[in-house]
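There are 2 protein chains.
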Amino acid sequence: MAKADIDTKIIELFKKNTGVFLSGEDISDILGCTRAAVWKHCEKLRDIGYDIEAVPHLGYRLKGIPDKMLPDEILYELDTVVIGQTIYTYTKTGSTNTLAYTLAEQGAPEGTVVIAEQQENGKGRLGRPWVSPPGGIYLSCIIKPTIAPNEIQEFTLVTALSVVDAVKEVTGIVPRIKWPNDIVINGKKVAGILTEMKAETDRIAFVVVGIGVNVNTAGRSLPSSATSLKEETGERVMRLDICRALIRNLDREYRSFREKGFRDARGRVIALSATIGKKVRVVSHIAVHEGTAVDIDEEGALVLKTTGDGIQRIVSGDVN
Amino acid sequence: MAKADIDTKIIELFKKNTGVFLSGEDISDILGCTRAAVWKHCEKLRDIGYDIEAVPHLGYRLKGIPDKMLPDEILYELDTVVIGQTIYTYTKTGSTNTLAYTLAEQGAPEGTVVIAEQQENGKGRLGRPWVSPPGGIYLSCIIKPTIAPNEIQEFTLVTALSVVDAVKEVTGIVPRIKWPNDIVINGKKVAGILTEMKAETDRIAFVVVGIGVNVNTAGRSLPSSATSLKEETGERVMRLDICRALIRNLDREYRSFREKGFRDARGRVIALSATIGKKVRVVSHIAVHEGTAVDIDEEGALVLKTTGDGIQRIVSGDVN
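Sequence order for the protein chains is A and B. Throughout the first sequence, residue numbering follows the numbering used here, covering 1 to 320 in sequence. Throughout the second sequence, residue numbering follows the numbering used here, covering 1001 to 1320 in sequence.
For reference, chain A alone in the conformation it holds in the complex (with noise of 0.2 Å):
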């Protein structure tokens, strides 16, 4: 058995034992070492953050996992289908997205997921930076729809139901859906979704879906038009958590996408929406629009209801 296997075999061994000691020597026969090296794997294990209480005559017991981006925390009956079964994970990387989208052009699977704890170079919509300081998730994967490029705004939707899905699960909060790309919470932005891909006129090569998450980033590191869920709920919230239910959501939203299309998305996201109902002003490449936001429709486009009772139709841009 390799070294970094004893450690995971170590870990959950402990999780499905919650509270209970295990003796150094009931460890060691079970997983076929010695004694001595059970010591020294709960001494690394320790060493990368995991509370591994040791009392004399009773032996070990797992007290809590650190709140690092662990392959082995991430995986631990992930049990998903399509997304996370390969996962890579960065304390620190330039972009979650460049390096993801390096790994498709590589051939990387479907399905490939690249986590980061900070970037150094987070991208936003536009080639806009994505402020993306320690504290925070940042998350990138590659999918390979069968779909044509125009239908990627609706991936990019469903994608931000995993999202909210995701900060509901874990804070209790349901943040909502800025059109095109933004998870906010009263207003503010606490997560930002970037869809990359490589396409030909009417098929998708693959996309790389990026998601950065404000967990615990401290205000005072983020824009004053940004919030982090530590922001709202008051308290430090598990990144793993987070992360965690991002991968499980996405899976599942993808999966209903690929099989069912928008339609099904389309009634939550329509639900969850921050723009519907109100008077706002889109800025695009080609031109600036002003209207009521009344629908989303189903091809993830913005409706406007602009002056005179027009309809406008907006597949892009900025939406104040």
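Quick caveat, the hints were computed from the structure, so don't treat them as lab data. Fair warning: there could be bad hints in the mix.
Stated by the list, open to error - For lysine-lysine, the following DSS-like pairs were computed, each having C-alpha atoms within a straight-line distance of at most 30 Å:
hint, chain 1, residue 1, chain 2, residue 2
1, B, Lys1144, A, Lys260
2, A, Lys178, B, Lys1178
3, A, Lys144, B, Lys1178
4, B, Lys1178, A, Lys92
As the list claims (entries may be wrong) - Not everything, but these chain A residues come out facing chain B in the computed CB check (under 7 Å):
hint, residue
5, Lys144
6, Thr146
7, Thr156
8, Glu196
Since the model is a prediction, treat every value here as computed from it, not as a measurement. Where is the CB? At the ideal position from N, CA and C, for every residue including glycine.
Fit chain B to the known structure of chain A by using the hints.
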């Protein structure tokens, strides 16, 4: 002066003095090299394929240029604004689109053109091969338009106009556009377009547009659904002329598209359509549609009139 420069200068000199004999002494004076060097360079140019006549006491004159993808010949008085400022040419390559895509990833500027006389892994739409034997032209161009991915079909049709015009200018034959990306003569494919891109949801990072033209390709080297300009005209066609016309037309059409969008081009695309007015069956990854092609709309989609006067808008698919 570098040796390659002397070749270029000699050819330029010949071209500016069409049909006229230039003495070795005159050439050596003008270019500032020895007469022996002039002789040596003329020999080298003959090896490349230039037909240079040498007559004692009269000197040299150019009687013919080789029909090869020589950068000097392609660029000579090309006078384009965007397309073809940088040109890479190959006798043989895997796929000019793949090569251009890699160059674009590495930051190659808009307008960069990759040309091959033969492709070993020529790519068609939807992962299909594009048969690319010698005799054809395989040209890919990097462009960086400020458009959203769903505007890319418009650009593919604008490119189709450039191809139609190039064939018309050089051979007098007016081919037709078979939506979404083929150029046909009497229903047989003479050229095809493969548009690939790197994009975000609402912004294109770059487009690689690939054009394959069957110029002097022997009929037996092509699928039965295809033809070549030589097959149709009964004589060899100068590939260089087609290539230069393609680049010039693409430059003009792209600049017009950039300024005015698809509006101007749409009427011409419709007039040149091989599809409109016909009963068609369109097979896409989502569904099969049947009806009469009645329009190409302002987004480049094919509009079908289906049974019972239904109207179906098709954004992708194969037309039969």
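To see whether the hints hold, each was checked on the structure:
no.: 1; hint: B:Lys1144 / A:Lys260; in the structure: 34 Å, violated
no.: 2; hint: A:Lys178 / B:Lys1178; in the structure: 40 Å, violated
no.: 3; hint: A:Lys144 / B:Lys1178; in the structure: 28 Å, holds
no.: 4; hint: B:Lys1178 / A:Lys92; in the structure: 50 Å, violated
no.: 5; hint: Lys144; in the structure: 12 Å, violated
no.: 6; hint: Thr146; in the structure: 5 Å, holds
no.: 7; hint: Thr156; in the structure: 5 Å, holds
no.: 8; hint: Glu196; in the structure: 5 Å, holds
Comparing the model with each numbered hint stated earlier shows that hints 1, 2, 4, 5 do not hold.
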